[in-house]
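Chains as they are written, first to last, in this note's numbering: chain A, 6 to 118; chain B, 2 to 114.
Take the hints with a grain of salt, since some may be wrong.
[As the list claims (entries may be wrong)] Cross-link-like lysine to aspartate or glutamate pairs, in silico, EDC-like; alpha carbons within 16 Å at most:
(1) A/K45 with B/E21
(2) A/K46 with B/E16
(3) A/K57 with A/D35
(4) A/K41 with A/D90
(5) A/K41 with A/E58
(6) B/K62 with B/E16
(7) A/K72 with A/E87
(8) A/K41 with B/E16
(9) A/K72 with A/D23
(10) A/K45 with B/E16
(11) A/K57 with A/E29
(12) A/K24 with A/E87
[Claimed, not checked] Non-contacting residues of chain B with respect to chain A, defined by C-beta distances greater than 10 Å in every case (computed):
(13) E16
(14) Q43
(15) Q46
(16) I61
(17) D86
(18) E89
(19) K101
(20) G107
Since the hints were derived computationally from the structure, they do not count as laboratory data. The beta carbon of each residue, even a glycine, is placed where N, CA and C say it ideally should be.
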Amino acid sequence: DTAVSQTPKYLVTQMGNDKSIKCEQNLGHDTMYWYKQDSKKFLKIMFSYNNKELIINETVPNRFSPKSPDKAHLNLHINSLELGDSAVYFCASSHDVSGRGQYFGPGTRLTVT
Amino acid sequence: AQSVTQPDIHITVSEGASLELRCNYSYGATPYLFWYVQSPGQGLQLLLKYFSGDTLVQGIKGFEAEFKRSQSSFNLRKPSVHWSDAAEYFCAVGRQGAQKLVFGQGTRLTINP
Chain A
6 DTAVSQTPKY
16 LVTQMGNDKS
26 IKCEQNLGHD
36 TMYWYKQDSK
46 KFLKIMFSYN
56 NKELIINETV
66 PNRFSPKSPD
76 KAHLNLHINS
86 LELGDSAVYF
96 CASSHDVSGR
106 GQYFGPGTRL
116 TVT
Chain B
2 AQSVTQPDIH
12 ITVSEGASLE
22 LRCNYSYGAT
32 PYLFWYVQSP
42 GQGLQLLLKY
52 FSGDTLVQGI
62 KGFEAEFKRS
72 QSSFNLRKPS
82 VHWSDAAEYF
92 CAVGRQGAQK
102 LVFGQGTRLT
112 INP
């Protein structure tokens with residue numbers, strides 16, 4: 006059983022397009038996250054949602070818009086894709102906001118050409 | 002602000018040899034500390050975590066880590082590595098009540114047969 010799943014696993018698209026990445030967790034967690042891993046493997050948080058409410062927005066361009074239809078889902082929509090958006094995007098979830106550990110999805114490798 | 006430093010970008014050890022991966026953090030209070038492993042093309046798997054109490058924590062896959070407050074370190078160890086341990090290892094720091102994790106830049110582990 007996959008705890009945190011993401012679709013698609015790979016996404017290749019052209020500059021200027023709009024794309025979405027979906028994330029679902031079946032752990033019953035209240036908090037979900039999006040992280041970006043760049044080409045140097047550096048991981049940085051982008052957003053955090055708790056009970057469908059935005060908690061963290063780490064100065065991400067507003068071309069990136071997360072949406073949480075329910076506690077089990079956190080989707081990431083990206084408008085007007087740029088070359089610099091190429092990265093691996095990881096979804097994660099945690100039981101609550103206590104900070105006691107997050108569980109990561111398999112990642113979505115986005116390539117913008 | 003929290004920060005994490007993993008001084009070794011790449012480490013190579015022989016199969017069966019012992020391993021120590023270094024992690025130093027910067028944080029004013031008692032941190033929450035984590036080690037994650039990322040196998041090629043995979044997501045991040047939580048190896049172990051420290052919140053409080055016994056400073057030597059045991060994790061999965063035979064890994065352990067020791068929290069040393071005086072050195073601001075949380076080094077990961079394994080007495081005998083296996084070829085399957087080849088991966089990228091990330092140290093991360095969080096704190097109570099904070100959702101985001103701050104990651105180090107990762108250490109790539111290569112195993113020689």
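Structure-based check of each hint:
1. A/K45 with B/E21: 22 Å, violated
2. A/K46 with B/E16: 25 Å, violated
3. A/K57 with A/D35: 8 Å, holds
4. A/K41 with A/D90: The hint holds at about 9 Å.
5. A/K41 with A/E58: The given pair, whose Cα atoms are some 20 Å apart, is violated under the 16 Å limit.
6. B/K62 with B/E16: Within the cut-off at roughly 15 Å; holds.
7. A/K72 with A/E87: 20 Å, violated
8. A/K41 with B/E16: Cα-Cα ~32 Å, so violated.
9. A/K72 with A/D23: Given pair A/K72, A/D23 holds - Cα atoms ~15 Å apart, limit 16 Å.
10. A/K45 with B/E16: Roughly 26 Å between the alpha carbons, so the hint for A/K45 and B/E16 is violated.
11. A/K57 with A/E29: 13 Å, holds
12. A/K24 with A/E87: 11 Å, holds
13. E16: 24 Å, holds
14. Q43: 6 Å, violated
15. Q46: For B/Q46, whose nearest Cβ neighbour in chain A is about 7 Å away, the distance does not exceed 10 Å, so it is violated.
16. I61: Fine: 13 Å to the nearest Cβ keeps B/I61 off the interface.
17. D86: 17 Å, holds
18. E89: Given a closest Cβ separation of 6 Å, the condition is violated.
19. K101: 4 Å, violated
20. G107: 5 Å, violated
The structure is inconsistent with the numbered hints 1, 2, 5, 7, 8, 10, 14, 15, 18, 19, 20, although it conforms to all the rest.
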